[in-house]
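S.K.: Listed below, chain by chain, are the residues.
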Amino acid sequence: MTIALPPLQSPEAHESLQPTNWLRYFSFSLDHKVIGLQYIVCGFLFYFVGGALAGVIRTELATPISDFVTRETYNQVLTLHGTIMIFLWIVPVVNGGFGNYLIPFYVGARDMAFPRLNAVAFWMIPPAGLLLISSYFIGGAAQSGWTAYPPLSLTTPAMGQIIWIVSVLLLGGSSIFGGINFIATILKFRQPGLKLLQMPMYCWAMLGTSILVVLSTPVLAGTLILLSMDIVAHTGFFNPSQGGNVVVYQHLFWFYSHPAVYIMVLPAFGLVSEILPIHARKPLFGYVTMVYSILAIVVLGLVVWAHHMFTSGTPPWMRLFFTIATAFIAVPTGIKFFNWIATIWQGRIALNSAMLFSCAFILQFVFGGITGVALAQVPFDVHVHDTYFVVAHFHYIVYGGTVFVIFASIYHWYPKFTGRMHNEHLGRLHLVLTVIGFNLCFGPQHWLGLNGMPRRVAEYDPQFTFMNQLSSVGALLMAISTIPFLINVIGSIWWGAEAGDNPWRALTPEWLTSSPPPVENWKGAAPLVHEPYGYGTEPGLVDLKVATGSDLWRNS
Amino acid sequence: MTSTRPAVAVSSTEIEHAANDHNSGHAEHPDLRMFGLATFLVADGMTFAGFFAAYLTFRAVNPLPEGAIYELELLLPTINTAVLIASSFTFHRATKELMKGAMGACRGWLLTTALMGIAFLAGQMYEYFHLPFGLTDNLFASTFYALTGFHGLHVTLGALMILIVWAQASQPGYFTPEKHFGIEAVELYWHFVDVIWVILFGILYLL
Chain Y
43 MTIALPPLQS PEAHESLQPT NWLRYFSFSL DHKVIGLQYI VCGFLFYFVG GALAGVIRTE
103 LATPISDFVT RETYNQVLTL HGTIMIFLWI VPVVNGGFGN YLIPFYVGAR DMAFPRLNAV
163 AFWMIPPAGL LLISSYFIGG AAQSGWTAYP PLSLTTPAMG QIIWIVSVLL LGGSSIFGGI
223 NFIATILKFR QPGLKLLQMP MYCWAMLGTS ILVVLSTPVL AGTLILLSMD IVAHTGFFNP
283 SQGGNVVVYQ HLFWFYSHPA VYIMVLPAFG LVSEILPIHA RKPLFGYVTM VYSILAIVVL
343 GLVVWAHHMF TSGTPPWMRL FFTIATAFIA VPTGIKFFNW IATIWQGRIA LNSAMLFSCA
403 FILQFVFGGI TGVALAQVPF DVHVHDTYFV VAHFHYIVYG GTVFVIFASI YHWYPKFTGR
463 MHNEHLGRLH LVLTVIGFNL CFGPQHWLGL NGMPRRVAEY DPQFTFMNQL SSVGALLMAI
523 STIPFLINVI GSIWWGAEAG DNPWRALTPE WLTSSPPPVE NWKGAAPLVH EPYGYGTEPG
583 LVDLKVATGS DLWRNS
Chain P
-10 MTSTRPAVAV SSTEIEHAAN DHNSGHAEHP DLRMFGLATF LVADGMTFAG FFAAYLTFRA
50 VNPLPEGAIY ELELLLPTIN TAVLIASSFT FHRATKELMK GAMGACRGWL LTTALMGIAF
110 LAGQMYEYFH LPFGLTDNLF ASTFYALTGF HGLHVTLGAL MILIVWAQAS QPGYFTPEKH
170 FGIEAVELYW HFVDVIWVIL FGILYLL
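Line by line, the protein sequences are chains Y and P. Per my numbering, the first sequence starts with residue 43, numbered consecutively. Per my numbering, the second sequence starts with residue -10, numbered consecutively.
In case anyone wonders, no lab produced these hints; they're calculated from the structure. Idealized CB from N, CA, C, for every residue including glycine. Please note: incorrect hints may appear among the correct ones.
[To be verified] What follows is a set of in silico ranges between Cβ atoms, one per label pair, in the way DEER data are often shown: (1) Tyr194(P) with Pro193(Y): 29 to 39 Å; (2) Ile192(P) with Pro358(Y): 24 to 34 Å; (3) Ile153(P) with Ala200(Y): 28 to 38 Å; (4) Gln419(Y) with Gly138(P): 56 to 66 Å; (5) Ile153(P) with Val408(Y): 49 to 59 Å.
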């Protein structure tokens, strides 16, 4: 085998190439921890843009007529909201952000397998995001939703649609580069002696996610290239008036975009699997079944895409196959949920912000999963297709499933990121506001959808006014809930108590170094952790009087 | 039970070295660039798979308008296919010469491969100019140009990369029988482009 020798550099030369102060967060840094935080902070900036757009949507929908923005603007706003939230917030943060920060620790490496590719992948995101947002100011953004279904995307103004395609292609490329990096790091960069079935669960989640990214994102890229040829060169791939076929676009689009849901939630599953054992002081229940569940979700996730197309004239055999395959996904997902419940069962639970957000995730995501199984059934799906029921289900999955986990993970790893403890009171206030606001915002939308309110329309029947206003109040609460969060994460950098190396007394490798960790992760050799979830098996860890996470932050 | 132990056994001199600039543990690591490239080619192959799936569905579901031509002249594309397949073998010869350390012969075979790639592109250009249909004439025409064009883009990049490693190989010691990632990577890519063409030729010209 060929051996690559890194160039020998003196420490001075190393420092001159890579800034070590705060400037490194604005540089083309190759340090996986810097890149991880770049992803997370950049993602949050786009989250606030996408959230403001959601605010515009809910303000518009507070009244049945379109009086706040015009219908064209509303279409642009909902397209930008969806695209930003998926491609610039959730996918980069749960994959690139936490993945880059944690995976090298978990495999016992000094960095990712391809540090330069890693930095390139990150730095593709801000330009792509700014390009997407800029389209609103130069001739109007795309109006065809984040799905860009033809012929709608062929008949709306071409400029915005083309910018949207270029932006999504850049983000897809970034995602593929990240996926290649994660696969190589997890499979080939493990320290000697670390077996696959000893890796922390987040590694398995990221491995499964990256396989989905590498297999499905290129198909979206190819599809969007064909779509852009339809728009620019007037070919007729997806244009029925030129003999084209719109359903082919839907098949190809959902071949990526259904796995995209797992690209968003599998990493969240992995993060929750890291957080729960630590704050319940118990080993992760059913490690091996968790691993096989992830792999089963990866395989099944690739063969269920057409359940988004039950009203697209799909033949009966296709409906049957995709209904059954979709229902099957509930099995591995259910195994994971029971494992999490068994993990916290009879544990010494520290009800801190990280744990509370994780528990809220379990509740919200189960609800989204139940409506998901319902939507897999063709008769029900045909009834509620393209109504607010789908909007509600989707937001319970991606907000209840992923954004709750992102907040839990921020609170859990904040001491590691900054070396300071966050404020628990503000964290719990954030939780309460988020849970109430979230359920108030998206709960009523189930009712709206069942009663026939269509999605993606700026005006609606006045009989739906009250429920929509309730939903808008919920959205306002969600907006307010980010205030304590922002005060907490920004203020605690200066005012937070010293966290120490390992405030949660965790066993996973990222806690076995200083906070924040040094360049190259460990001074000296990397620790080899055989049992990342061995809580309660060592006497020092069984002594719960000293070792619950909640006591620790109170004492500090 | 949690146990920690150093990742690699280090000699005492290396420990001193580590104490100076905490460099321990990353003295050497396996070269993963070929693995990364192979993963990327899987992704690239999925792009083509999407195109193939779209094309085959169009063929099966969407009837072409009356009088549309989709029977293609086969002579030139068959010669082109033979040239491209042969170029995979000439590249393989180049790598074999490289492993023997015969850089002159290696460069000769590399240049031959690049010229065969360029000949393929020239043949495809000639075919484009003499086809009886244009890009927007019908669904088959659009798909034909999109697929062959996207593949031609890959051949163009491949030929350029072969010329780059050919130029690099003129420096003595740039590639050795032990260290030759550039040539190895371009070879894998070239074989990939070749395999894609064989599938493409099968479904586009013969089917």
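S.K.: A separate judgement is required for each hint: does it hold in the structure or not?
M.R.: Right, here's what the structure says about each hint:
1. Tyr194(P) with Pro193(Y): 29 to 39 Å: 31 Å, holds
2. Ile192(P) with Pro358(Y): 24 to 34 Å: This hint holds: roughly 28 Å between Cβ atoms.
3. Ile153(P) with Ala200(Y): 28 to 38 Å: 37 Å, holds
4. Gln419(Y) with Gly138(P): 56 to 66 Å: 43 Å, violated
5. Ile153(P) with Val408(Y): 49 to 59 Å: With Cβ atoms ~55 Å apart, the hint holds.
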